[in-house]
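Spelled out from the first residue to the last, the chains are:
Protein chains: 2
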Amino acid sequence: MSTKKVEFISSRENECIKRVKKLHDKKYREEFKSFIIEGLKLVKEAIDYQIKCVNILIFSQQAKEKYQEFYNECKYLLQDGKIKRVIEVPDKLFEYITTTSTPQGILAECNFIDTDINFIKNLKRVVVVNKLQDPGNLGTLIRCADAFGFDAVITTKGTVDIYNPKAIRATMGSLFHLLIVREVEEGELIKILKDNSFIVYVATPYGDIEVSKIVPDKRFCVVIGNESEGVSDSFTKVATRKIKIPMVGKAESLNAAVASSIVLYELRKR
Amino acid sequence: MSTKKVEFISSRENECIKRVKKLHDKKYREEFKSFIIEGLKLVKEAIDYQIKCVNILIFSQQAKEKYQEFYNECKYLLQDGKIKRVIEVPDKLFEYITTTSTPQGILAECNFIDTDINFIKNLKRVVVVNKLQDPGNLGTLIRCADAFGFDAVITTKGTVDIYNPKAIRATMGSLFHLLIVREVEEGELIKILKDNSFIVYVATPYGDIEVSKIVPDKRFCVVIGNESEGVSDSFTKVATRKIKIPMVGKAESLNAAVASSIVLYELRKR
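One line per chain: the protein sequences are A and B, in this order.
Just add 6 to wherever you are in the first sequence, counting from 1, and you've got our numbering.
Just add 6 to wherever you are in the second sequence, counting from 1, and you've got our numbering.
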């Protein structure tokens with residue numbers, strides 16, 4: 007039992023507040039190798055699944071009252087040395103550091119949780135995200151990958167940052183449930199997939215087989231591409247199968263998040 | 007051949023400009039029984055599929071240059087009496103009436119296209135949307151219903167307005183491809199479904215059968231509920247089957263648009 011206590015901070019000039027504010031920007035996330043999560047659900051998921059990544063936990067005064075039970079839990083975790091710092095701030099100061107327009111008053115700074123690409127050796131079911139641009143779409147995809155039993159989500163260089171606050175929010179905590187590998191160079195990734203005998207499914211409107219006809223191999227990855235341009239040629243070239251979603255109406259295409267979710271659903275663990 | 011010409015309007019005080027601006031609000035949409043669509047894709051879909059609903063077509067000066075070919079087509083449609091009015095406005099004035107932050111400079115006022123609930127007699131595959139709140143989710147759902155061969159989308163009272171500009175945008179034109187019935191009272195809808203021998207599938211996380219196990223009847227509807235509260239009791243009570251999506255990971259739920267898309271995909275026309 008340590009004697010660590012909840013700190014009270016009320017100034018924007020405090021180093022910790024300045025640090026959290028900077029984490030809105032990717033540049034500083036890369037520098038500090040940390041990111042922000044917000045809201046009761048996400049912070050609980052971080053604590054439950056990857057508590058070691060949690061650095062600083064911040065409550066607004068309102069949230070301290072409203073989520074008293076959780077606040078007390080966090081105090082114990084602080085005393086046990088499981089969380090490094092717990093900080094209380096005035097509501098106004100919380101509004102200054104929040105990344106959302108409707109803050110719950112709970113925020114944590116977490117260390118990066120992505121792992122090395124070489125972990126892929128131990129995996130069987132992998133989603134590769136290739137240049138997706140919308141953070142909401144990326145987060146939704148991670149949530150789906152979790153729901154449908156995938157082991158990991160790997161993004162290639164040129165994909166929106168997994169640690170973007172909007173992406174994080176859309177994961178609803180699922181980023182703490184599976185392995186994340188981040189911004190791998192396409193050529194390197196293709197070599198590693200090949201070296202580890204991964205079957206490569208590429209999702210594309212120009213696919214030659216309907217996704218429902220696929221019986222997934224024991225070890226495979228599925229590549230999801232950019233919202234308007236789809237998957238890079240380098241992946242299309244090495245694809246084992248190019249898969250598509252059957253469409254019968256007059257719609258020319260599906261929403262990107264919807265299309266990729268249907269693909270992950272069909273390739274789910276059964 | 008009429009002698010109708012493209013009009014040039016430059017004042018915010020013009021009746022037509024005032025009318026379009028008012029259509030941002032549901033109140034005035036109900037009063038005028040018309041709504042706004044924006045962008046080349048949507049306006050083209052309206053012209054191709056339901057030209058009779060198109061009242062006023064507005065181009066910004068920039069868009070007139072950029073989409074010259076389409077602009078000329080519209081001039082011919084005006085001369086043929088197929089479109090009532092085509093108007094050109096300065097870019098600044100277009101910015102005043104647009105509903106988006108990144109306008110393409112093409113906008114149309116269209117008459118309501120929803121039809122009477124009694125048309126249901128002729129339909130076989132219907133989506134019922136029950137109190138969904140997010141306009142983007144509703145639009146995405148209409149796009150999916152189109153892609154997967156449904157005949158109609160019916161919303162119940164308490165559902166977000168189908169003519170909300172964000173909903174319209176997310177449909178990507180699909181609202182012109184199928185029948186729309188709008189804001190029907192739940193009790194009335196249930197009676198009509200029953201009178202017309204519809205099988206009722208209700209999508210819910212508490213379903214007793216996986217959606218992939220369903221072989222859809224010849225005539226059915228599927229009810230999609232509110233993002234957080236799901237489907238109303240009144241529908242759950244009359245459900246022929248309560249269907250769910252299998253999930254194997256640690257995610258507690260799926261994004262609402264994703265979940266309903268997967269349900270429509272599984273119940274698609276084959």
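Please keep in mind that the hints were generated in silico from the structure rather than gathered at the bench.
In this text, a Cβ means the ideal position worked out from N, Cα and C, and glycines have one as well.
Watch out, some of these pointers could steer you wrong.
Chain B residues, not near chain A, derived (Cβ > 12 Å throughout) [to be verified]: (1) LYS11; (2) HIS30; (3) TYR55; (4) LEU84; (5) ILE119; (6) ASP167; (7) HIS183; (8) LEU184; (9) ILE198; (10) THR210; (11) SER218; (12) VAL244; (13) ALA245; (14) GLU258; (15) ALA263; (16) ARG274.
Example chain A residues on the side facing chain B (calculated, C-beta under 7 Å, incomplete) [stated by the list, open to error]: (17) LYS28; (18) PRO96; (19) ARG149; (20) HIS183; (21) GLY236; (22) VAL254; (23) LYS256; (24) VAL264; (25) TYR271.
Per the stated criterion, does the least C-beta distance between SER218(B) and chain A lie above 12 Å, as a non-interface residue requires? Non-interface label fails for SER218(B): nearest chain A Cβ at 9 Å, not farther than 12 Å.
With 7 Å as the cut and Cβ atoms as the points, is VAL264(A) at the interface with chain B? 4 Å, holds
Double-check VAL254(A) for me: the hint is only fine if its C-beta lies closer than 7 Å to a C-beta in chain B. Holds, about 4 Å.
Minimum Cβ separation between LEU184(B) and chain A greater than 12 Å? Check fails; 7 Å does not lie beyond 12 Å.
Mind verifying the non-interface call on ALA263(B)? Its CB should be farther than 12 Å from each CB in chain A. 6 Å, violated
For ILE198(B), is the shortest CB-to-CB distance to chain A above 12 Å, so the non-interface label stands? 24 Å, holds
Determine whether the non-interface label on HIS183(B) survives the test: each CB of chain A must be over 12 Å from its CB. 4 Å, violated
Would the non-interface assignment of GLU258(B) survive a Cβ cutoff of 12 Å against chain A? Violated, since 8 Å does not exceed 12 Å.
Test the statement that ASP167(B) is away from the interface with chain A: the closest C-beta pair must be farther apart than 12 Å. Since the minimum Cβ distance to chain A is about 20 Å, ASP167(B) lies beyond 12 Å and the statement holds.
The hint names HIS183(A) as touching chain B; please verify it with the least Cβ-Cβ distance against 7 Å. Hint holds; HIS183(A) Cβ to chain B Cβ min 4 Å, cut 7 Å.
Checking hints one by one. Is GLY236(A) an interface residue toward chain B, by the C-beta closer than 7 Å rule? Status violated, d = 17 Å.
Consistency of the no-contact label for THR210(B), given chain A and a CB cut of 12 Å: THR210(B) is indeed farther than 12 Å from all Cβ atoms of chain A, at 16 Å.
Going through the hint list in order, the structure does not satisfy hints 3, 7, 8, 11, 14, 15, 16, 17, 18, 21.
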